[in-house]
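Take these sequences, add in the hints, and give me the full structure.
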Amino acid sequence: MKSLPLQLRFLVPLVLVLAAAAWLAVPVMDRLTLRWFARDLNLRGALVANSMSESVAQAVQDANLRRLQALFGRTVQDERLVAMGWCAPDGRMAVRTLLMPPSLDCEEAARVAAEPEPRLRIEGGPVHLSMHPVQAEAGPTGHLVLLHDLSFIDRRSQDTRRWLVALVTGLGVLMALVTMVVAQLSWRGWIRGTRALLRGEGLLRPMAPPSPELEPIATELRERLRDLDDQLRRSRVHEGGWDAPRLQALLRSQLRGDEVIVVSNREPYIHDRDARGEVVVRRPASGLVTAVEPVMRACSGTWIAHGSGSADRDTVDRHDRVALPPGQSEYRLRRLWLTPQQEQGYYYGFANEGLWPLCHVAHVRPVFRESDWEAYKAVNQLFADAVVAEARSDDPVVLVQDYHFALLPAMVRRRLPRATILTFWHIPWPNPESFGICPWTQELLEGMLGSTIMGFHTPGHCKNFLETVDRNLEARIEHEHSSVSFRGEQTLVEAYPISIAWPTAAEQGGWASPADCRRALGAQLGIPAHHRIAVGVDRFDYTKGILERLHAVERLLEKHPQWQGRFTFVQVAAPTRGELEEYQAFQQRIHAVAERINQRFSTGGHAPVRLLAQHHGPEAVQRLYRAADACVVTSLHDGMNLVCKEFVAARDDEQGVLVLSRYAGAARELAEALVVNPYHVEEVADALHRALTMPAAEQRERMAALRSAVQEYNVYRWAGHMLTDAARWRLRERVSQRLRRHSDARAA
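Numbering (my numbering), first residue to last: 10 to 757.
Wrong hints could be hidden among the right ones.
[To be verified] Restraint-style ranges between C-beta atoms, simulated for each label pair: (1) Arg480 to Ala532: 56 to 62 angstroms; (2) Gln533 to Asn686: 30 to 36 angstroms; (3) Tyr688 to His328: 48 to 54 angstroms; (4) Ala332 to Pro254: 19 to 25 angstroms; (5) Arg322 to Arg480: 43 to 49 angstroms; (6) Ala714 to Pro98: 56 to 62 angstroms; (7) Val744 to Gly179: 36 to 42 angstroms; (8) Gln623 to Leu56: 35 to 41 angstroms; (9) Arg330 to Val744: 47 to 53 angstroms.
Since the hints were made in silico from the structure, they are not lab data. All of these numbers come straight from a predicted model, not from anything done at the bench. Backbone N, C-alpha and C define an ideal beta-carbon position, used for all residues, glycine too.
If you want it as structure tokens, here you go:
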């Protein structure tokens with residue numbers, strides 16, 4: 010009992026502190042409660058506005074304000090809604106219920122709604138004001154003003170105060186009792202333990218080196234951050250709504266700016282001179298350009314590419330830059346110039362005679378030469394130097410495009426260690442055995458692992474890449490998190506299915522009708538009006554399955570002779586890589602097969618196969634899509650293939666049938682297409698016959714589903730997901746680095 014006065018000295022201040030804490034906590038809890046309920050009321054108001062938007066818009070369209078008044082009267086019968094009003098687009102409160110204050114106009118309502126605590130005091134007591142837009146098909150149609158009763162919040166706040174005071178009081182009594190019991194039973198031991206704890210004894214000794222003090226906490230935080238990453242990626246499966254403004258907002262909020270640098274071999278616009286010596290601008294036939302150019306328009310960045318046009322040097326400034334698109338100046342193109350020897354070795358040699366057939370597992374033997382490899386390294390370094398020169402900060406966002414620049418990420422990483430580097434591999438990635446044919450497999454993988462993000466089209470390509478790294482490098486691979494740790498740096502390996510920019514309403518409004526497009530195509534190529542038309546649009550490449558497609562057309566005409574004289578197949582094949590012997594031989598073979606089919610099945614002077622072996626601009630291709638009854642995509646092995654998505658986007662009439670190879674990456678997303686094995690001629694011919702005879706209702710059902718998928722999974726979503734992952738990955742690394750530094754400092 011000698012220690013009782015000392016205990017009282019401790020207990021009395023403890024009780025006073027707890028009482029003061031309860032007294033201070035009450036207003037804090039009141040304010041928190043008010044904020045919570047205000048947020049709930051805003052959400053509830055938004056729900057009311059969304060559910061009423063269609064009715065309000067219809068009443069406004071019919072100029073029936075009496076019906077709107079009756080609708081509001083029924084709605085405010087809810088016990089928590091005091092009054093409701095509608096602000097017309099001209100700023101006038103045209104409709105209001107009885108309890109809406111007469112002095113409250115739309116301008117005052119907007120001002121109050123913008124305040125942190127939008128409260129008003131009316132005759133019946135305090136109310137919460139919220140203001141919500143009314144959305145109609147034609148756009149916003151005024152705003153709804155809602156006044157919510159706040160009296161129930163005061164009642165709940167009183168209950169909260171009573172429970173809080175009771176809780177703190179009970180906690181204080183319990184702590185006092187426990188303290189007295191412990192003090193009576195082990196006063197001396199308690200004093201010794203407290204002194205030891207204050208000196209740090211027993212806290213640091215168990216965690217003394219070699220284990221740093223905070224390492225368990227750091228490890229737990231890292232694991233939790235990774236789990237959150239995985240959960241976020243899984244939650245995005247059904248996410249939609251990506252567009253250019255959202256991508257711009259992402260860059261501003263998560264990547265602290267909008268500096269984006271794209272690196273690709275192919276430039277988005279080529280300046281050439283025509284036969285009269287005048288400069289003409291054209292867009293190359295490239296899926297990469299189709300996908301990346303809308304992203305650059307949204308991000309206002311810099312695109313670095315090889316200048317290959319005959320008038321490219323004449324159109325740049327003294328820094329080799331030109332503003333694009335022509336006449337709009339939404340981003341900059343920095344052109345680099347290659348010598349004929351560099352272009353031959355880097356592009357035609359190593360990239361297209363080596364990596365292209367290697368990754369496509371095509372029936373063409375890859376060729377690897379030491380001189381081509383040296384040129385490939387030199388050009389990658391040239392482009393890496395250009396990235397560093399164009400960067401306005403030490404932390405740019407660099408989007409490296411395709412197999413031409415496998416070494417560039419590590420080169421940029423050495424010069425700009427804080428850069429966010431996203432490399433996207435637009436072509437397939439083969440299995441480790443196939444890729445191991447390349448003599449410089451290890452060097453290519455080391456270069457690619459300089460990326461923050463390594464993106465592919467499909468999970469299968471990601472799996473092949475991780476297995477290739479595991480087979481060839483001393484790296485730590487975490488399959489559950491899709492990451493590779495190599496030489497102290499981590500790379501996220503993820504699938505990002507690429508897509509196109511969905512046409513805007515203004516663009517679709519300027520399109521010619523499918524009937525007009527069909528008549529124009531018939532007049533251009535001499536196709537009779539009663540013919541059914543199928544189209545193929547590709548570059549002249551052996552991986553696109555053009556030869557297999559022609560064999561299927563031939564088999565269709567053999568197996569179903571009713572199509573002879575009633576069917577035309579139009580194949581657009583843009584010339585590419587004509588300097589390579591394999592491509593020259595392939596083009597000659599395609600022309601020979603097309604000629605043979607025409608000789609066999611021409612009727613009345615009409616040839617069933619029309620081979621258009623020249624470049625077609627986006628507008629011409631879009632008109633071709635709208636004129637066709639079917640589009641045939643028979644890639645033998647493709648990363649994604651955007652032709653099929655362009656065809657779907659062009660068919661706003663919801664007609665037309667897509668015949669799609671199962672070996673194109675897009676087949677995973679476009680299941681409503683007629684998916685075929687391009688190597689099976691009979692199957693493709695039957696699919697063509699089914700497409701040409703498919704009822705309009707079934708076409709409409711399939712095309713509506715395809716259009717929904719392509720519209721949701723657009724190119725902005727593709728870029729947005731990569732940039733979101735990069736921002737989150739960078740944040741996680743910064744947290745981990747700070748924890749490691751803090752742990753090391755405490756351990757030292």
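Checklist entry - Does the Cβ pair Gln623, Leu56 satisfy 35 to 41 angstroms? => result At 56 angstroms between Cβs, range violated.
Next on the checklist: Given a hint of 47 to 53 angstroms, does the C-beta separation of Arg330 and Val744 actually sit inside it?
Outcome noted: At roughly 38 angstroms between Cβ atoms, Val744 and Arg330 fall outside 47 to 53 angstroms, so the hint is violated.
Item to check | Outcome of range test on Cβ distance (Ala714, Pro98; 56 to 62 angstroms) | outcome: For Pro98 against Ala714, whose Cβ atoms are near 36 angstroms apart, the range 56 to 62 angstroms is violated.
Checklist entry - How does the Cβ-Cβ distance of Ala332 and Pro254 compare with 19 to 25 angstroms: does it lie in that range? => result holds, 22 angstroms
Checklist entry - How does the Cβ-Cβ distance of Gln533 and Asn686 compare with 30 to 36 angstroms: does it lie in that range? => result Holds, since Gln533 and Asn686 (Cβ atoms, about 33 angstroms apart) stay within the stated range.
Next on the checklist: For the hint 43 to 49 angstroms, verify it against the beta carbon of Arg322 and that of Arg480.
Outcome noted: The hinted range 43 to 49 angstroms holds for Arg322 and Arg480, with Cβ atoms some 44 angstroms apart.
Item to check | Range hint 36 to 42 angstroms (beta carbons of Val744 and Gly179) holds or violated | outcome: holds, 38 angstroms
Checklist entry - Honestly, do Arg480 and Ala532 meet the 56 to 62 angstroms range at C-beta? => result Distance hint for Arg480, Ala532 holds at roughly 57 angstroms.
Item to check | 48 to 54 angstroms as the expected CB spacing between His328 and Tyr688, which holds or is violated | outcome: Given about 49 angstroms between the Cβ atoms, the range holds.
In summary, the numbered hints that this structure violates are 6, 8 and 9.
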